[in-house]
Each structure stands twice: as C-alpha cells, then as structure tokens.
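So the chains spell out like this:
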Amino acid sequence: MVGPGQVMVSDVVAESVAVHGFWTRSRKSGLVYLIVGLFAAVVFGLATKAGETATFTLSTKPGGAGLDLPARAFAIGFGLVCALTGAALLAGYFRRHFGATTAVAIVSFVLSFLCWQVAGNDLPLVGLAQQTLFLAVPLILGSLAGVLGERSGVINVAIEGQLLTGAFCGALFGSIAASAWVGLVAAAIGGGLIGAILAVLAIRYLVDQVVLGVVLNVFAMGVTGYLYDRFMQPNTQAYNNPPTFPAIHIPLLADIPVIGPVLFQNTIITYLAIVLVVVVSLALTKTRWGLRTRAVGEHPTAADTLGIRVRLVRYRNVIMGGLIAGIGGAALTVGSVGQFGKDMSNGRGFIALAALIFGRWSPTGALLGALLFGFADALQSNLSSLNSVVPSQFLTMLPYIATILAVAGLVGKVRAPAADGKPYVKS
Amino acid sequence: MSSDEERPGGGPADPDGGAPGTGTETATAPAKRSGPRAAVPGDAKRTRTGIVIDALTTANTFTVTVLAIVLALAVGAVVIALSDQAVLDSMKYFFARPGDTFAAAGHAIGTAYAALFTGSIVDPETLNEAWWGMTSWSSVLSPISETLTYAAPLIGTGLAVALAFRAGMFNIGAQGQAMMGAIGAGLVGFMVPWPPVIGVIAALLGGLVGGGLWGLLAGWLKAKFGAHEVITTIMLNYIAAPSFVTWLVTQHGVQQPGRNDPISKAVEPNAQLPHLFGSGLRANLAIILVVGAALVVSWLLRRSTLGFEFRAVGSNPNAARTAGISLNRTYLLVMLFAGVLAGLGGASIVLGNTPNAITPSVVGSIGFDGITVALLGRGRPVGTVLAGLLFGALQAGAGQMQVTSQVPIEVSTIIQSLIVIFVAAPALVRAIFRLRAQRVGALGQNLAKGWNG
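Which chain is which? The protein sequence lines are W and G, in order. First residue of the first sequence: 1, per the UniProt record's numbering; consecutive thereafter. First residue of the second sequence: 1, per the UniProt record's numbering; consecutive thereafter.
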C-alpha cells in the first residue's frame, strides 16, 4: 500500500513531465491537427467527385461573380495545409504563434470540408457572412453582458434567461405600443430586471451564483411560457405582433461590394451591438469605471481599502449587463421575425457564455467567439439547404460541438477574473 | 447589511472541538484514512438537543425549506390572480368596488390550488364516494399514482445532480443523460423479443449504459482537458436532444412503421416496467427503483471509501489531492454515476409510461427539473427523494389545474424555481419572516464552483 505522501510526490513528478516534457500543449495539438488534416485530405478528397467545381459566389445576386474552384484538388489541398501546420507544430516550430497556427489549421480544415460539401453547387459567401453576423448579434450582446458582470466578480449564467425575457418583453410591449423602439426599450428593461434579481440575490444575499443563474433561467422560462399561454397565444394580433426594425443602409458604405452588404446593411440592433463592443472595450481599459470594475473583479479587498464601493460597482455592472442582454433578446423578436415563441432563445445564452470564456473575458474576444458560433450556425443552415449527405441533424450539432472543442482547450488554459463568483463580505 | 455579517465561514469554531474550518461537513483534509466515521462529530447528544430547541425559532434547514415553499406558493397565487380574466375585468372598477377584485382573486386562487391538491394527493369527493361504495378505491389512489409517476424520473435526475454537487461539480447535463438513457432503454427494449423479467432488466441496463456513457463523456472532458462541466454538459444536452435523437428515431428500423413523425417503435411488453396498483393506474416500478437508487447513493456517500473521496474532493480539491485522491478519477467516476442515475430517470419514462417509445421530447424537462430537485434536497439523497415527491406532486397537480381552471402548466415551473431561489437565499427568507440567525452551516451555499474551480 502506497502512503499518501508518496502518491503526492509521484503525482507532482508526473505533472511536471506533462508540463515540461516532449508532449507540450502545442505538440499535442499539432498531432491532432496532423491527424485531422490527413483525414480531411483523404476522406473529403475521395468523397468529392473528380471534375466537379465548388462555386463560392461573392455577389449578392445569383449567378454573379464568384470563385470557381476544382473541388477535389482544393479539398485535398486544404486538408494538407491543415496537416502541414500540425506537422510544423509537432516538429517544434511556430510555438510562439500557437494561436495563429491553430486558426490556420481550423480554417483550412473547414475549407476542405466546404469544398467537399459545395462540390457541384454554389455557396453564397456574402449571404453566409450576413447570416453569421445576424445570428451572432444575440450572442455578442449576451456575452458582453457576461463580460460586464464577470469582470466585476459576479458570474452570470442567467444570460439565457435575460435573452428570453428580453425577447418576450420586446414582442409584448412592441405589439402593444405598435413600435419596435418601445419593444427595444422594454426588452432592455426586461433583461435588466433579471439582472437586478441576480444582483440582489448574489451580492446582498450571497446565493451561489452558478446555481442562481441556472434557477433564474428556469424562472424566466416559466414566467414567459406562462404569460405566453395566458395572453399571447389566445390573442396573437394584439400581444404578439410587433413591428420589426428595418435594415438601415448606411449611405456610400453600403454600396461597397462584399463588405457593404455584410457590414453596412443591418438593423439598428446590430450596429448597437458593434458600438457597444467598442465602447465597453475602451471603457474597461481607459476609464475610471473600467479600472474600478477590474479592481473589484480581481481583488475586492484591495479595491475596498482604496475607497471603491465594491458592492455598488457590482450592482451597477450586473444590471447594466442585464440591460445589454435584454437588447440581445430584442434581436430575436423585434430585430428579426417579430413574433415571440416559447423558449425561443434555445440555448443561445449558454453559447454566449461559452463565447465569453472562449474570448477570455474580454469584449473583443467575446465578439470573436460570438462570430465563430454565429458562423457555425449559419454554415449549418446553408449546408442543410445544399442537400448535404451529412444528415441535417448532425449539422445542427455544429455550434454545440464547436463550443465543446473551444472550451476543451483550443484556447489553452483560461483564467477567469480572480474574484469571479465570490461574494464580497466585509470582514 | 447586518444579515450578511452573521454568515458562517468567519464564524466561531466548531464547539465539538473538531478541526477548524467549515464545521458541518467532513471538510477537513482526510489525513487519517480511517473511514467516514472519523468525520462524525463526537458529541451527538448536545447537537440533537440544540436542534430541537432552535428548530422552532431559528432559520434552520427545516424552517427555511417550509417557509420557502410557503413563499413560493404565495407568489404563485399572485401570478394566478393577476393573470385571471375575471380579476383583470374587476380591476377596471377597483376603486369603486374593491371587494369584487378580491372576491375574483380569491376564487381564481382557490379553484387553482384546490385543483393542485386534488390532482396530486387526494380528491375528497372521490374519497367520499368510494367510502359509500359509489366508485372504486383505485380512483381514490389515482392522484397519488400520478404524483409517483411524475416523481420517479425527477428523483433519478435529481440524484444525478445531487451526487455531482457533493463532489463539487455542477451537472447541468442530466437532461442529455436522461435522453441518452431513454434511447438506450428504448433501443434494447424493442430490438429483441425479450422473455419476461429479463426484458425489463436488459432494457434498464441499456438505459443505465446510455446515460452513463453520456455523463462519462463530460467527466472525461473535465479530467482530460479541464473543460468546465457547466458548459460541456449544456452542450451535450443540445447534442443529445433534439439533434441526435431526431436523427435516430427517423432511421429505418427504428422509426415506428406507418409513422412520419419522429417516434421509435414501442418497447416490447416484456421489457416494460410493471404497474404497481393494477393496470388502471400509471404508477409503476420506477418509483421503487429510484428510491432504491437513492439508498445506494446514500450508502455510497456515507459509508464507502469512494464516497468519502467524492466528498473530500467536493469540500476541498487541493486538500484531497494532497491526501492522495486522484481528482481525475473522481471526476470520471462521479460523472459516470451521475449519468447512470439520470439514465435511470430517462429509462423509467420510456419503459414505464405510454407510448413506451423514444421521441425527441420523451423526457420532457426532467433534467432541468432535476437541478431544482437536487437543490431543494440540498444535495442529499433522502432530501432529493422528498423534493422529487414534492415537485412530482406539483407537476401532477398542475396538469389537473390546467384542466379545471385553465391556468397554464408553467405555473409549476415558476413555483419550482421560486422555491429553489428562496431555499438558496436563506438570508432573504430570514429577513422576510424575521427569524433568528441560523447557527448551522449555510444552506445551499458553495454547491457549485466558479470558473476557476
């Protein structure tokens, strides 16, 4: 029988070998990319019929300008690129540029897959990009809400509930007032209310924040579902028929080919989301508010010593986050189809949470994470319409699998703000 | 702010002279591996007397739980009243005749909660008729049977969440694990023409394996890559249902012949769970199975070395690792067991309730409800069984409530989530009812860990 002490020593040794030995993180990842890349080159390459072309259209009109690629060659080619980056990592190169190399590997793998799927068909790239941004908007706003709360030390798992409440309030009050703007404001307030409940219970009553977030999601689901059945369903015309925001064409910029239709022909909520990312990003690093937020999130006791009112900062941030997530919910109703449906947030709040972790708790990182998941979602719906051989149900798994892969270590060891999830109690 | 300052953690040391630190649990580093008995405080008699005296006036576990339920039902009553058409109509002339509003509200709440009771416990009218021989006794048992039928899967998933809580993990994946359990049980149940008894056992095992593997996957992702289980289990939920199950049940050989909607073949009668009170009532063997599972989990956590390790990891992973407990092994085993328990919950639906087939929505929301059940049960097996029975009764009653007074079934979801919020915020309940401060450990605290573990 081995004593506890010996076990500990051998554990430490094993760990240090794992950290400093041959199999570093980049080597392990390299091996994975190598295998996956070769798999792509062989399987996607062989599955593609020789002589077929994959068309990636750049124009918004059908039959417009586009790229015609020989599908088979490019499927194999991109697979080999992925394998090559893996081999380079395995050989010890590019260790400093692990992130960029990983990006190249993933992108080339996805392109290889696309060449196979699109062979003999065409994929509208501009439409894909438009959809990506459109689907990412609730995720961007949701993860931004998470950034605000968690940088100040309050974990927000209730993003899902805030999105749902926002979507509900947007549809309900937008219909009653027959104005999308009223819907937008009501959505923000609805999300803010859930944020306020979260704040009071987490900060004042010290409830476990992860548990609280999950239960608040159930609560939001119950309340919106109840009111939907009671009022919206029997009287759709009066309570669930809000006007929607039109796409705003920004003059001149909207006419730029490719970029114009993607970036400058969106609804007000999309512009708002992008502006908010920039504002929060700058504010976190450049303003007094940002410094205080980060101080409270990393070391509340030190912040308190300097006279910062820890709880006040947290209250403000969590409620502000709720307002933003509520706007994200509005993107699902008044920013999109208009009508509310039960559980229409459908896990987006949790994906926003993953985007937040993926983006390492920074607004720009969260934006990139949200766009990645938006892309997985957009790709899924585009490929389903191409009559892919992969069953559509497996394609709908794409965003979720992407999330698992992202959280399982493509981004390495992430570190949350030090005081994240810990209530502050003055001693 | 005064109520926050009395919170334990910085409180006085355990009077029993136990190791310093958290007093109530076996939180200390297991330096002596002499078994769980070493963790039990020595002076049991004093503690017991103390609890009896304090019980009535202090915010202890029992009073807070009862008051949380009362509060939640009160809020639920307000929701029912405010959404009632008669109440809303009479509100238009509230200042002229306020009595009308209160009468309408009283009527709405009264009929709704009466239906909640008659749908889940016993209907006095039926009882009276049965007493005089005008109806059969089985119709008296019908509400109880419904409650047990709803409760059984909830207890299964509740145990899955509770066990993970005790090891410091938050298993939000009971939903997906239950779905995979339902799939495993269903597939085994209709693929083979089973003989009696063996069929039930085989199908149940299929369910346990299906749920267990899905749980193990999340445990592996945590042990191997450090992926936080909250995120991975949520994603695994969405992968299992609706994506995977919809694909599966529309495959040839799985889909029920003659159907175009996603539904599998029905489970062989020999693989179905036997009914408890005759074929007229829905209650089946599932409730006995899950109570048995709760006893096993209870034994595991209290009496076995493995359970001791689980709790040690849950209390303080660093201390547990220092004492030679493998964290990775614990993560794998806990999630495996949790998946098995949730799988039992899912299997019990497919094998116990009509139409005995796999559909994308067959498990309902038992996984998410399991979280609330485990929280109300405070991560303890017995508490989970009681909480499961309560929520089972709520759901059975909500069905009756929807039939008799058109109150949407979601009211039970609202009440459930409120109960858990109040239970998790004892300081709030204390403040509302002006109870004396609690002396025992915090309720519902520190069950789940943040992103930094």
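These aren't lab readings, by the way, just hints derived from the structure by calculation. We put the beta carbon where it would ideally sit given N, CA and C, even for glycine. Hints should not be assumed to be uniformly reliable.
[Stated by the list, open to error] In silico DSSO-like pairs for lysine-lysine, Cα to Cα no more than 30 Å straight-line:
hint, chain 1, residue 1, chain 2, residue 2
1, G, Lys224, W, Lys28
2, G, Lys265, W, Lys422
3, G, Lys265, W, Lys342
4, W, Lys426, W, Lys286
5, W, Lys422, W, Lys286
[What the hints assert, rightly or not] Between beta-carbon pairs, the in silico distance windows are:
hint, chain 1, residue 1, chain 2, residue 2, range
6, W, Ala238, G, Ala103, 55 to 65 Å
7, W, Ala254, G, Met91, 29 to 39 Å
8, G, His107, W, Gln233, 54 to 64 Å
Hint check results:
1. Distance check on the hinted pair: lysine 224 of chain G and lysine 28 of chain W sit about 12 Å apart at the alpha-carbon level, within 30 Å; holds.
2. Restraint check: the Cα-Cα separation between lysine 265 of chain G and lysine 422 of chain W comes to about 50 Å, which exceeds 30 Å; the hinted pair is violated.
3. Among the hinted pairs, lysine 265 of chain G with lysine 342 of chain W is consistent with the structure: their alpha-carbon atoms are about 29 Å apart, no more than 30 Å.
4. Among the hinted pairs, lysine 426 of chain W with lysine 286 of chain W is consistent with the structure: their alpha-carbon atoms are about 28 Å apart, no more than 30 Å.
5. Proposed proximity of lysine 422 of chain W and lysine 286 of chain W is supported: the alpha carbons are some 25 Å apart, at most 30 Å.
6. Between alanine 238 of chain W and alanine 103 of chain G the CB atoms are about 27 Å apart, so this pair departs from the stated range of 55 to 65 Å.
7. Checked against the given bound of 29 to 39 Å, the beta carbons of alanine 254 of chain W and methionine 91 of chain G, roughly 49 Å apart, lie outside it.
8. Under the hint 54 to 64 Å, the C-beta atoms of histidine 107 of chain G and glutamine 233 of chain W, about 23 Å apart, miss the expected range.
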